[in-house]
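**Q** The chain contents come next:
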Amino acid sequence: AQRVTQPEKLLSVFKGAPVELKCNYSYSGSPELFWYVQYSRQRLQLLLRHISRESIKGFTADLNKGETSFHLKKPFAQEEDSAMYYCALSAKAAGNKLTFGGGTRVLVKP
Amino acid sequence: DAMVIQNPRYQVTQFGKPVTLSCSQTLNHNVMYWYQQKSSQAPKLLFHYYDKDFNNEADTPDNFQSRRPNTSFCFLDIRSPGLGDAAMYLCATSRGTGGHTGELFFGEGSRLTVL
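Chains Y and U are the protein sequences, given in the same order.
Our numbering numbers the first residue of the first sequence as 1 and each following residue consecutively.
Our numbering numbers the first residue of the second sequence as 1001 and each following residue consecutively.
Among the hints, erroneous ones may be present.
As the list claims (entries may be wrong) - Using 16 Å as the maximum straight-line C-alpha spacing, the simulated EDC-like pairs for lysine to aspartate or glutamate come out as follows: (1) U:Lys1044 x U:Asp1085; (2) U:Lys1038 x U:Glu1108; (3) Y:Lys97 x U:Glu1057; (4) Y:Lys22 x Y:Glu80; (5) Y:Lys57 x Y:Asp81; (6) U:Lys1017 x U:Asp1085; (7) Y:Lys15 x Y:Asp62; (8) Y:Lys57 x Y:Glu67; (9) Y:Lys97 x U:Asp1059; (10) Y:Lys15 x Y:Glu79; (11) Y:Lys57 x Y:Glu80; (12) Y:Lys97 x U:Glu1108; (13) Y:Lys92 x U:Glu1103; (14) Y:Lys15 x Y:Glu67; (15) Y:Lys97 x U:Glu1103; (16) Y:Lys65 x Y:Glu32; (17) Y:Lys57 x Y:Glu32; (18) Y:Lys97 x U:Asp1085.
Claimed, not checked - Sample of chain U residues with no beta-carbon within 12 Å of chain Y, all distances over it, derived: (19) Tyr1033; (20) Ser1040; (21) Arg1067; (22) Thr1071.
Honestly, the hints are just simulated from the structure, not real lab data.
Even glycine gets a Cβ: it sits at the ideal position worked out from N, Cα and C.
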């Protein structure tokens, strides 16, 4: 069975500092990895997906199959980045269902 | 502009009193999901519909049922809510095909309180 682990429940950084959210997964096949974000009083929404290899709102994430990780990074955090972030995995063998990690709350202080 | 709409946003029920939560979508997506999210926890998949095909998760209690009368609507029925069923219930949709299977569109959720 697939599993997603986000070891940090809370990350607190100052504005302008780098931020890195850790995500590790376990799955024997080739997964698709995603980061979802939930801003205060808003719905959960897709931030980025590994196959797109894109930068969204200054965030990037690289899939490292050797380390089974998909960490999310931003070099200069902004106050508007304060939110709940969920790493998620979709596995073909599991019917493409999305499995979420426990989430990391990011607080960017002024 | 809202694409996945959940009603009601807040639902208070009594222990054992049936409750129905609804979800509608304007995206014409094949797949509709129901997730349960308890405080400070990850969303947990209860079941999903791929078109009319119902897929129940193995650990979803029998107390939870779902209906999808057409493409646009999906309902979550909790037959006899217990205190442990108090949670946020999230509806989501996805295309289900063409490499978009992990891209889910969520509603704002229905928060259930059980007294």
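**Q** Now tell me if each hint is right for this structure.
**A** Hints and how they fare:
Between Lys1044 of chain U and Asp1085 of chain U the CA atoms are separated by roughly 12 Å; this keeps the pair inside 16 Å, and the hint holds. For a cut-off of 16 Å, the pair hint linking Lys1038 of chain U to Glu1108 of chain U stands: about 15 Å separates their Cα positions. Simply put, Lys97 of chain Y and Glu1057 of chain U have alpha-carbon atoms about 10 Å apart, close enough for the 16 Å limit, and the pair holds. For the given pair, Lys22 of chain Y sits about 20 Å from Glu80 of chain Y by alpha-carbon distance, which is inconsistent with the 16 Å threshold.
Distance check on the hinted pair: Lys57 of chain Y and Asp81 of chain Y sit about 9 Å apart at the alpha-carbon level, within 16 Å; holds. For the proposed pair Lys1017 of chain U and Asp1085 of chain U, the alpha carbon gap of about 12 Å is at most 16 Å, so the pair holds. For the given pair, Lys15 of chain Y sits about 23 Å from Asp62 of chain Y by alpha-carbon distance, which is inconsistent with the 16 Å threshold. Note on Lys57 of chain Y and Glu67 of chain Y: the hinted pairing is violated, with a Cα-Cα distance of about 25 Å set against a maximum of 16 Å.
About 15 Å separates the Cα atoms of Lys97 of chain Y and Asp1059 of chain U, which keeps this hinted pair within 16 Å; it holds. For the suggested pair Lys15 of chain Y and Glu79 of chain Y, the alpha carbons sit about 6 Å apart, so the restraint of at most 16 Å is met. Among the hinted pairs, Lys57 of chain Y with Glu80 of chain Y is consistent with the structure: their alpha-carbon atoms are about 10 Å apart, no more than 16 Å. Distance restraint check for Lys97 of chain Y and Glu1108 of chain U: the Cα-Cα separation of roughly 20 Å exceeds the 16 Å cut-off, and the hinted pair is therefore not satisfied.
A C-alpha spacing of about 14 Å is found between Lys92 of chain Y and Glu1103 of chain U, which places the hinted pair at or below 16 Å, so the restraint holds. Proximity of Lys15 of chain Y to Glu67 of chain Y is assessed by CA-CA distance (about 29 Å); at most 16 Å being required, the pair is judged violated. Simply put, Lys97 of chain Y and Glu1103 of chain U have alpha-carbon atoms about 10 Å apart, close enough for the 16 Å limit, and the pair holds. Of the pairs offered as hints, the one joining Lys65 of chain Y and Glu32 of chain Y holds, with about 11 Å between alpha carbons and a cut-off of 16 Å not exceeded.
With a C-alpha separation of about 21 Å, the suggested pair Lys57 of chain Y and Glu32 of chain Y falls outside the 16 Å cut-off, and the hint is violated. A hinted pair counts as satisfied when its Cα atoms are at most 16 Å apart, and Lys97 of chain Y with Asp1085 of chain U does not qualify at roughly 22 Å. Distance check on Tyr1033 of chain U: its Cβ comes as close as 8 Å (rounded) to a Cβ of chain Y, failing to clear the 12 Å threshold; non-interface status is violated. The beta carbon of Ser1040 of chain U sits about 8 Å from the closest Cβ of chain Y, which is not more than 12 Å, so the claim that it is off the interface is violated.
Against the 12 Å criterion, Arg1067 of chain U stays outside the reach of chain Y, whose nearest CB is about 20 Å from its own CB. With a minimum CB-CB distance of about 19 Å to chain Y, Thr1071 of chain U clears the 12 Å threshold, and the non-interface call stands.
Of the numbered hints listed earlier, those contradicted by the structure are 4, 7, 8, 12, 14, 17, 18, 19 and 20.
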